[in-house]
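Each protein sequence line maps, in turn, to chains W and L. In this text, residue positions in the first sequence follow the numbering used here: the first is 1, and each later residue adds one. In this text, residue positions in the second sequence follow the numbering used here: the first is 1, and each later residue adds one.
Among these hints, one or two may not hold up.
Stated by the list, open to error - With a straight-line Cα cutoff of 27 Å, these simulated DSSO-like cross-link-like pairs (lysine-lysine) come out:
1. W/Lys-280 / W/Lys-243
2. W/Lys-285 / L/Lys-270
3. L/Lys-209 / W/Lys-348
4. W/Lys-274 / L/Lys-209
5. W/Lys-209 / L/Lys-280
6. L/Lys-348 / W/Lys-314
7. L/Lys-274 / W/Lys-348
8. L/Lys-285 / W/Lys-348
9. W/Lys-270 / L/Lys-243
10. W/Lys-348 / L/Lys-243
11. L/Lys-280 / W/Lys-314
12. W/Lys-280 / L/Lys-348
13. W/Lys-243 / L/Lys-274
14. L/Lys-264 / W/Lys-314
15. W/Lys-243 / W/Lys-348
16. L/Lys-209 / W/Lys-270
17. L/Lys-243 / L/Lys-140
18. W/Lys-209 / L/Lys-274
19. W/Lys-280 / L/Lys-209
20. L/Lys-270 / W/Lys-209
21. L/Lys-274 / W/Lys-314
22. W/Lys-348 / L/Lys-280
By construction, these hints were calculated from the structure, which means they are not laboratory data.
There are 2 protein chains.
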Amino acid sequence: MNAVIDFIHTNRDRYVDELKAYLAIPSISALPEHAADVRQCAEWTAEEMRRIGLHDVVLHETPGHPIVYGEWLGAEGAPTILFYGHYDVQPVDPLDLWESPPFEATVRGGEIYARGAADDKGQVFMHFKAIEAHLRQTSKLPVNIKVVLEGEEEVGSDNLDAFINEHVELLAADVVVISDSPMFDRGVPSICYGLRGLTYFQIDLRGTKSDLHSGSFGGAVANPAFVLGQVLAQMKDRGGRVKIPGFYDAVRPLRDEERAEFQKLPFNEKQYRKVLGAPKLFGEKDYSTLERVWARPTFEVHGLLSGFTDDGAKTVIPAVAMAKVSMRLVPDQQPDVIAKLFEDYVRKVTPRTVELTVTRMHGGQPWMTDFDNPYVQAAARAVELGFGQRPVFNREGGSIPVVATFQQVLDLPSVLFGIGLPDEHAHAPNERLDLGNFHSGIIASAFLYDEIGRLSGEPAPTG
Amino acid sequence: MNAVIDFIHTNRDRYVDELKAYLAIPSISALPEHAADVRQCAEWTAEEMRRIGLHDVVLHETPGHPIVYGEWLGAEGAPTILFYGHYDVQPVDPLDLWESPPFEATVRGGEIYARGAADDKGQVFMHFKAIEAHLRQTSKLPVNIKVVLEGEEEVGSDNLDAFINEHVELLAADVVVISDSPMFDRGVPSICYGLRGLTYFQIDLRGTKSDLHSGSFGGAVANPAFVLGQVLAQMKDRGGRVKIPGFYDAVRPLRDEERAEFQKLPFNEKQYRKVLGAPKLFGEKDYSTLERVWARPTFEVHGLLSGFTDDGAKTVIPAVAMAKVSMRLVPDQQPDVIAKLFEDYVRKVTPRTVELTVTRMHGGQPWMTDFDNPYVQAAARAVELGFGQRPVFNREGGSIPVVATFQQVLDLPSVLFGIGLPDEHAHAPNERLDLGNFHSGIIASAFLYDEIGRLSGEPAPTG
Chain W
1 MNAVIDFIHT NRDRYVDELK AYLAIPSISA LPEHAADVRQ CAEWTAEEMR
51 RIGLHDVVLH ETPGHPIVYG EWLGAEGAPT ILFYGHYDVQ PVDPLDLWES
101 PPFEATVRGG EIYARGAADD KGQVFMHFKA IEAHLRQTSK LPVNIKVVLE
151 GEEEVGSDNL DAFINEHVEL LAADVVVISD SPMFDRGVPS ICYGLRGLTY
201 FQIDLRGTKS DLHSGSFGGA VANPAFVLGQ VLAQMKDRGG RVKIPGFYDA
251 VRPLRDEERA EFQKLPFNEK QYRKVLGAPK LFGEKDYSTL ERVWARPTFE
301 VHGLLSGFTD DGAKTVIPAV AMAKVSMRLV PDQQPDVIAK LFEDYVRKVT
351 PRTVELTVTR MHGGQPWMTD FDNPYVQAAA RAVELGFGQR PVFNREGGSI
401 PVVATFQQVL DLPSVLFGIG LPDEHAHAPN ERLDLGNFHS GIIASAFLYD
451 EIGRLSGEPA PTG
Chain L
1 MNAVIDFIHT NRDRYVDELK AYLAIPSISA LPEHAADVRQ CAEWTAEEMR
51 RIGLHDVVLH ETPGHPIVYG EWLGAEGAPT ILFYGHYDVQ PVDPLDLWES
101 PPFEATVRGG EIYARGAADD KGQVFMHFKA IEAHLRQTSK LPVNIKVVLE
151 GEEEVGSDNL DAFINEHVEL LAADVVVISD SPMFDRGVPS ICYGLRGLTY
201 FQIDLRGTKS DLHSGSFGGA VANPAFVLGQ VLAQMKDRGG RVKIPGFYDA
251 VRPLRDEERA EFQKLPFNEK QYRKVLGAPK LFGEKDYSTL ERVWARPTFE
301 VHGLLSGFTD DGAKTVIPAV AMAKVSMRLV PDQQPDVIAK LFEDYVRKVT
351 PRTVELTVTR MHGGQPWMTD FDNPYVQAAA RAVELGFGQR PVFNREGGSI
401 PVVATFQQVL DLPSVLFGIG LPDEHAHAPN ERLDLGNFHS GIIASAFLYD
451 EIGRLSGEPA PTG
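Take these sequences, add in the hints, and give me the full structure.
See below:
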């Protein structure tokens, strides 16, 4: 491993230059006008995979954006890693809040700023460079590896499940490795053993055929922008508890050991609040902030649009009002079950003075694994070797729905080994990645292959 | 009066041709590129006022568009009318929805289509032609008249109040006449005796410094888009009643006679609902639709904006959320008093988990006159003579702030004598004016001067 690690140290600057090129491609999967950029990014990704020495690299077409696949299967008798990541990125609006252009990666204060730096191109690239280092220095990997990178993670991975279901043979492996999450905190590397699920909706209300003058008609008809406020307000009580009947029925309670573990983590509420710039933290009572974010479900509003939103005043009763909302779910809530509960409840609380349309957008299963799983333990050792300290075990508030699919369809455990930082603005302006963590992450990834290579290729217990 | 009315009948076609020339001037006050057109229109208006026999016609310069003034003061001992109107027009977008060019007036089916046809050039011109008929046939008017026409009505009349305050002597009169509103319905001429006022705000909530990933942070902080819904929901109860403490304290109750008058009006709720395309009509219980719109205050939301509003799904906790809201006011609510009540209440109901900014945008006084006021009764007789039927007395849900200014600064009652129709698209494509109403309106205006001329010139009670 020394030669591999030396190679990584020597090539540090080159890695940053190459990453910049990767980050320059505006692969925004949500926006149709960027479809060609997403494809170009898939092709760039495939080319890079060939360059670092992976074999049989192909673009698998889907009804949406292509899935890039490549492999290296020369480590006979060793386990096989299925590495999953994504090459698509979030939209960049509001653009005027970016301190440097989102697709011109810029290094400031040891961090690289660009859309996709942390989520997920930077972390995918970290694995590419670890693979490259092994293959350049030893002409082999200590483990077999299959790489699957999708271009629709930021829009709900609509075509990924079908791809996995249709390629069970191709994707057969022993463990899934994913680096698409932050570590617990700067200087506190972590292995994630639990994720929240999601169910996402758009609510549209229509009051009248067209906008009305509020002088001539104010008082005669329901105002859909106001009704939307009323409907949303009924989703949570003033204590932050979701009011949808049955919503909490399947929630697996936090174990005492978990709560104790969480309490030991170096988490400073005051500092956390300050970094976010919130006047106060707020959530369900009887739970700590970490418990609320990792182990409790939520209801959130993501967007509101209605009527006149420019500068100035216009006295219009809007014809329509729109909200985007979602619920984060925890084990053992089922997205489909919760979606139905939500839809029924919205229909119930929306007055008949407006026309309601509820559109189910996407969803994902919550997930949790045992942290004494041997692959999880191998990852913990690799992180310790890369970052110089033992990782903590945490859960995550976000969703990586594919983790549940890998478990259900391929019967594979997942190791979530993320090196982003919690304040790296993954879906916001000024997304960034700490280059120190990027570098340590490449080393840790190189060790991860080594550590997993030492395990037998027998299927490990899942779950 | 016979000679005057004969003259009007004889000149019917000429009036339409002249009105077409007036409507050809694109005097869009909102658009800087039309500033020269607005001035040209002021000059055309002044020239026309001289042509019909008014004296001392001048353009009063303002920081914006000029105010045109002219007078005829030869009716010694008779009352003086202050006629107010405006020569500016609304923008014409979306242009592609116009069936004929907005500034090439076109007659179809007995209606003249053009921007400004109803609002307000057509109605101003109706008075010009009534004045002309009197002066041509009898060399005098039965009443003194002062004409004030502004060029900024469609952009908030920013310079009108100052002009009125600086010209109290010049504008001294007995009654204000305004023709800038629709009649109750086709075939139902009306005199408007009440208007609502307004107080308008923008509410901005900030939750955090920047947008957050709802997976990583959902549950830890308040979501300003959700809080905005909570705040708005507390503005009205489920019955449509405004919950701001003290909001209704100054509301002058509807008199039994008014309610009885409203009930007699030919108003078809079913048809009204159908035209608006609303699933149901909705408002405060114990009030009819007309009562709600004309005589009850409201709270309306005009715009909502927060977070992600494009197609698709983005899991963001928005940093900020914005709403535009206003309250329509009725006598004797004071805009400043209600504004303060609203601001206090918003501050009270907004949780301390978000930062609140409330911006007061603009306001206007509600207004009401007695319909047994002698000038109002004179106008009613004139309308009956012009249209062949007794007008109904109605109120209006909209605001004409200058009416309150005339009352406060000049201590003058107003007669709102409008001959537009409710569906004449005053601020929309295909604005039009019914030529039958235009012609009857000229006759009614001629009778209005005659009827008011018969009253003594003593100041009438205001209010």
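Going down the list of hints, with the structure as the test:
no.: 1; hint: W/Lys-280 / W/Lys-243; verdict: holds (22 Å)
no.: 2; hint: W/Lys-285 / L/Lys-270; verdict: violated (49 Å)
no.: 3; hint: L/Lys-209 / W/Lys-348; verdict: violated (35 Å)
no.: 4; hint: W/Lys-274 / L/Lys-209; verdict: holds (9 Å)
no.: 5; hint: W/Lys-209 / L/Lys-280; verdict: holds (12 Å)
no.: 6; hint: L/Lys-348 / W/Lys-314; verdict: holds (26 Å)
no.: 7; hint: L/Lys-274 / W/Lys-348; verdict: holds (25 Å)
no.: 8; hint: L/Lys-285 / W/Lys-348; verdict: holds (22 Å)
no.: 9; hint: W/Lys-270 / L/Lys-243; verdict: violated (36 Å)
no.: 10; hint: W/Lys-348 / L/Lys-243; verdict: holds (23 Å)
no.: 11; hint: L/Lys-280 / W/Lys-314; verdict: holds (24 Å)
no.: 12; hint: W/Lys-280 / L/Lys-348; verdict: holds (17 Å)
no.: 13; hint: W/Lys-243 / L/Lys-274; verdict: violated (35 Å)
no.: 14; hint: L/Lys-264 / W/Lys-314; verdict: violated (33 Å)
no.: 15; hint: W/Lys-243 / W/Lys-348; verdict: holds (12 Å)
no.: 16; hint: L/Lys-209 / W/Lys-270; verdict: holds (15 Å)
no.: 17; hint: L/Lys-243 / L/Lys-140; verdict: violated (56 Å)
no.: 18; hint: W/Lys-209 / L/Lys-274; verdict: holds (9 Å)
no.: 19; hint: W/Lys-280 / L/Lys-209; verdict: holds (12 Å)
no.: 20; hint: L/Lys-270 / W/Lys-209; verdict: holds (15 Å)
no.: 21; hint: L/Lys-274 / W/Lys-314; verdict: holds (25 Å)
no.: 22; hint: W/Lys-348 / L/Lys-280; verdict: holds (17 Å)
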